[in-house]
Amino acid sequence: MIEARTMTLNMGPQHPATHGVLRVQLELDGETVVRAYPIIGYLHTGIEKTAESKHYYKVIPTTDRMDYLAPMSNNLGFCLAVEKLLGVEIPPKAQWARVCLTELTRLNSHLVWIGTHALDIGAMSMLLYAFREREKILAVYELVSGQRMMSTYFRLGGLAEDLPADFDQRVREILEEFPSKFDEYEDLLTNNPIWRSRTIGVAKISPEDALSCGFTGPLLRACGIKHDLRKANPYSSYEKFDFDIPTNDGCDVYARYLVKVQEMRQSLRIVRQALDGMPDGDYRANAPGVILPPKERALKEMEALIFHFKIITEGIHPPVGEVYQGIESPKGELGFYIVSDGGPYPYRMRVRPPSFVHTAALDKLCKGGLVADVIAAIGSIDIVLGEVDR
Amino acid sequence: MDWTFLIVKLIQVIAVFAVLLTGCAYMTWLERKLVARIQSRLGPMNAGYQGLLQPVADMIKLLFKEDITPKHVDKFIYGIAPLASFIPATLSIAVVPFGDSITLFGRTYDLVISNLNVGILYVLAITSIGVYSIIMAGYSSNSKYSLLGGLRSSAQMISYEIGMGLAIVVVILLSGSLNLVDIVDKQGSFVGWYVFRNPVAFVVYFICAVAETNRSPFDLPEAESELVAGYHTEYSSMKFGMFFVAEYANMITVGAIATTLFFGGWHGPFLPPIVWFLIKVAAFQVFYIWARGTLPRLRYDQLMSFGWKVLLPIAVINVMVTAFFVL
Chain A
1 MIEARTMTLN MGPQHPATHG VLRVQLELDG ETVVRAYPII GYLHTGIEKT
51 AESKHYYKVI PTTDRMDYLA PMSNNLGFCL AVEKLLGVEI PPKAQWARVC
101 LTELTRLNSH LVWIGTHALD IGAMSMLLYA FREREKILAV YELVSGQRMM
151 STYFRLGGLA EDLPADFDQR VREILEEFPS KFDEYEDLLT NNPIWRSRTI
201 GVAKISPEDA LSCGFTGPLL RACGIKHDLR KANPYSSYEK FDFDIPTNDG
251 CDVYARYLVK VQEMRQSLRI VRQALDGMPD GDYRANAPGV ILPPKERALK
301 EMEALIFHFK IITEGIHPPV GEVYQGIESP KGELGFYIVS DGGPYPYRMR
351 VRPPSFVHTA ALDKLCKGGL VADVIAAIGS IDIVLGEVDR
Chain B
1 MDWTFLIVKL IQVIAVFAVL LTGCAYMTWL ERKLVARIQS RLGPMNAGYQ
51 GLLQPVADMI KLLFKEDITP KHVDKFIYGI APLASFIPAT LSIAVVPFGD
101 SITLFGRTYD LVISNLNVGI LYVLAITSIG VYSIIMAGYS SNSKYSLLGG
151 LRSSAQMISY EIGMGLAIVV VILLSGSLNL VDIVDKQGSF VGWYVFRNPV
201 AFVVYFICAV AETNRSPFDL PEAESELVAG YHTEYSSMKF GMFFVAEYAN
251 MITVGAIATT LFFGGWHGPF LPPIVWFLIK VAAFQVFYIW ARGTLPRLRY
301 DQLMSFGWKV LLPIAVINVM VTAFFVL
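Keeping their order, the protein sequence lines are chains A and B. Going by the numbering used here, the first sequence wraps up at 390, each residue one higher than the last. Going by the numbering used here, the second sequence wraps up at 327, each residue one higher than the last.
No lab work stands behind these hints: they were computed from the structure. One or more of the hints may lead you astray.
[Said to hold, decoys possible] Below are the DSSO-like pairs computed for lysine-lysine, each with C-alpha atoms no more than 30 Å apart in a straight line:
hint, chain 1, residue 1, chain 2, residue 2
1, A, K367, B, K71
2, A, K204, B, K61
3, A, K367, B, K309
[Claimed, not checked] If you want the footprint, here are the derived chain B segments under chain A, 3+ residues with CB under 8 Å:
hint, region
4, 39-52
5, 202-212
6, 257-267
7, 298-309
Predicted model only: the values in this text are computed from it and were never measured. Cβ atoms here follow ideal geometry from the backbone N, Cα and C, with glycine treated the same way.
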């Protein structure tokens, strides 16, 4: 009797299209995928555990390293969670600046996504176009924080420093330039017959499955479910901004592409509003004893100096309790769950990474497709392994 | 047969071979430069002015790389696969006329290495051999990526050869000859070019030719995002270099054949024939690179269904319509 045998193909961890060190074990029947089994752990950093032995302030830089394409979003998630625990009110300027920068971060992350995703499907030039634009955002990061990727610009209670003088002008240059660039991307891809044939109907998932798999962010919205934490559960004054939530009923790779491209335009809208309405005032909350006083004051005032010294050496002591704060990171719901035992270190920090949840659904997305569809699927769920293995 | 004839032929062979190989080397430079331009980069700049010496540097690098033969490969087949790829790629240029016949010392020489009566058949036969090298490389490497790449590419090349053959049949019908020199002569000047008399055949031919040479957007066998590098994943050093050169030699050959079959060969005003020939071939190469810089890659099943369900019927109908008008 002839027995049909499947072939096991190992994709990764050193593979050009797995975005970092994802390893996918594929069981193939010819070129059809019978099973896709993602294996993670090749980029394990132990950030959650490390956080348990760091002062709250000193956890912020490690959060940068999780989703290294969206550092500011991670910072924001952590800061908001701790601020919630502390019950600190954030001054409007800091909130607006945070919105502005996290939306730029969303652009940054989506630009890398569109570039690498298109590269995987064979449109090589897109990568360089997207990275050319991303460079401008990295320049803004450098302007505000001195760092291009691991910015660590947000602090508990606000920002690390005041926004630089030419911040406004530099970001406005981006706003001027980007819409026409996005048009170019869409010219290259949206109606390209090859692009459409590679993405439409590929890696489909039903809205019910998407919900039960815990999809969030653009992936969920590409299943026609209008859920966005910025609207559903606003944080950092998002309720004061006017923007739309793009959705699409396609449930496939193409729908995810369309949703993300529209999201990029919405982000520009939010950034513009944040710049136009940027309030004056403090960039960090004034809450003696829990929030680090601005450095200028610490150098001039006795009390500020004392608090500065105490917070740096002793850390802060949030009340006993636990807190969960989810934010809409570029990839979906990024949640920080922090348990405090009243000491200077978090008793437990748990991160709900969107990438991890989406990776888990890879089998569902790839089953029945071809090997080439696996690539498209991995590209479309837009995962960052630093976040999966945090 | 006399000595002068032999010597002249030998000079021709060496000259054509040298031009072809230099062409291959500079194709890589041109490709990198043009793609860089498309992608708003500079491309190679360091080796020589505008990176003009880059191909030389690349070649030296490839020659001095360690030639790794992985364990468990079928050594004999693994070793000859690059040759089986390289040799046919360079052979088919032999029947392409690149200029009018010239008279030297009272004798007339055709500017073609071999004025073969069945030139087109020869080209089809030789280019088909290239498939074997890919199967051999894919099979002998003992790697799943190579195997999948090799299988894909052989299936692809065989399917597209049919469409290509049918497109060429149209040219044969129009010209009534299998001889490439005759075909060029029949087309004569601008208006007689077969690309104008039967554009469908040209489009079918060119699409098939791109697929046949495994170039973007049909570069599935070496789809690096899926199969790492396809059939030559396990190859290194000059063995890899041979696959590489063969790919470019195939592109140049396709350009040369397309020029001969559809664009009047070396015909053109003002400039000498050889220059016209080179310009036309170069234009095809630029087109290749342009496609690579712009288009995503088709999926394997789409590629096959496009070949069998779209191109083949078009080619068949085109042959029948042309035959109806010619007869």
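Status of the hints after comparison with the structure:
no. : hint              : verdict
1   : K367(A) / K71(B)  : violated (33 Å)
2   : K204(A) / K61(B)  : violated (45 Å)
3   : K367(A) / K309(B) : holds (26 Å)
4   : 39-52             : holds (count 3)
5   : 202-212           : violated (count 0)
6   : 257-267           : violated (count 0)
7   : 298-309           : holds (count 5)
Against the hints set out earlier in the document, violations occur for numbers 1, 2, 5 and 6.
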